[in-house]
Amino acid sequence: MNPLVLYLLLLKASLTSFSGLGSLPMVRNDFVVERHLLTDHQLNMAVVAGRTGPGPYGLYLVCVAYAVGGFPGAIMGFLALITPAFLVIPLMRWIGARADIPRVRSAIRGLLLASAGLLLSSSVPLTVDAYTGLFSALLMVASFAVLTFTRIDSAWLILGAAGAGLAASLFH
Amino acid sequence: MNPQGLNKESPAPSVKKLTEIFFRIGNTTFGGGYVTIGMLGRELVDTRRWISAEKFDLAFALARVTPGTNLIAFCAAIGALICGVAGAVAAVVALTAPSSVLAVLIMQGFESFQGNRIAMAAIGGTVAAVAGMMWATIWVILRPHVGGLIRNLQVVLIAGGAFAASRIFGITPLPIILAGTLIGFLWKDEKPT
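Residue numbers (our numbering), protein chains in the order written: chain A, 1 to 172; chain B, 1 to 193.
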């Protein structure tokens, strides 16, 4: 894939999201559904790789780009990941004075809610891909509960899940 | 942009010193954006007093409405407030470049383990955990917007509508996001989030 096209596709996903995993619906649509460059399983792997190490969750974009275009692709993914961040500099000047206007606040809220609905839509096939039986379902529920109700670092959660998967395979 | 937001008693640090701080905290903190932002606040506001708490809060709020990953936008904002545009670039690259390399190496490791049954069992466990994390992320996004009949109705209609539009009707994300923003603009929120 042309690196510039890869950069532009990932930039589009990044520019239309407002959290690390918020770009997932757009990425899945472009790379899995429309272009068939990745499978849901590969996309899941990229998300896992992005969340296993330190740094922001959005790093999965670099892994997606690596899976599609190798190391040159990873560089494009990195650039697409960081480019939108610099919009905050003019925003500090422009929105800083308008952030309390109710209609601006409501528009941002509408955007966040639509993003949540899209993330929900993307999570369904990725969850189906991750489901391999009762054990994986229990891990999903435990992971949701740990992140929602405790302050345990997600790195421990990833390590614990890897250990649980390993232990389960040894017992079967 | 001129450096601003510095506490009077603290001299402006060099870009190199700022880079060191973002490199150290950004690449040794696990747990995503909020954990890293907390660590940066402790270092930059409380310990080194390079930026005031008010400016730190402004950067946090604006990073939430900046497209892309909130944490990276937050670093750009803090870097710009302390050392200008050069500080923004340095902070973002120092935070993301090393961890990006590590993420690619982890991805490579996953690919080379494809034929190994034991490694794949461990990876399968983490894939299931990440699926649970995605649902937790959705709840984190929705939770501040839940409460009160009208607000709950907005959540159901906008988030549920976006879900249905994407999942059932196969509409691509961009028009759905634009429609959500427009509905939010027209249907004014009844109380601050």
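Rather than coming from a laboratory, the hints here were simulated on the basis of the structure. By construction, the Cβ of each residue, glycine as well, lies at the ideal position given by its N, Cα and C atoms. Any given hint could be a false lead.
[Stated by the list, open to error] With beta-carbon atoms standing in for the labels, derived distance ranges: (1) A:R93 to B:V101: 14 to 22 Å; (2) A:I101 to B:L174: 35 to 43 Å; (3) B:L153 to A:P72: 45 to 53 Å; (4) A:R151 to B:I168: 31 to 39 Å; (5) B:R117 to A:R35: 27 to 35 Å; (6) A:V104 to B:A53: 43 to 51 Å; (7) B:W139 to A:L37: 40 to 48 Å; (8) B:L174 to A:M1: 15 to 23 Å.
Exercise for the section: Take a look at whether the Cβ-Cβ distance between L153 (chain B) and P72 (chain A) falls inside 45 to 53 Å. Expected result: With Cβ atoms ~48 Å apart, the hint holds.
| task | Could you see if the CB distance from W139 (chain B) to L37 (chain A) stays within 40 to 48 Å? | result | violated (30 Å)
At the C-beta level, are R151 (chain A) and I168 (chain B) separated by a distance inside 31 to 39 Å?
Once the Cβ atoms are compared, 36 Å apart, the range 31 to 39 Å for I168 (chain B) and R151 (chain A) holds.
A range of 14 to 22 Å was offered for this pair. Does it hold for the Cβ distance of R93 (chain A) and V101 (chain B)? violated (33 Å)
Range first: 15 to 23 Å. Now tell me if the beta carbons of L174 (chain B) and M1 (chain A) are that far apart.
holds (20 Å)
Check the following: the C-beta atoms of I101 (chain A) and L174 (chain B) are separated by a distance inside 35 to 43 Å. violated (25 Å)
inquiry  = I want to verify a distance hint. Is the separation of the beta carbons of V104 (chain A) and A53 (chain B) within 43 to 51 Å?
reply    = This hint is violated: roughly 24 Å between Cβ atoms.
For this session: Look at the Cβ atoms of R117 (chain B) and R35 (chain A) and judge whether their distance stays inside 27 to 35 Å.
Result: Holds, at about 31 Å.
Checked against the numbered hints above, the structure violates hints 1, 2, 6 and 7; every other hint is satisfied.
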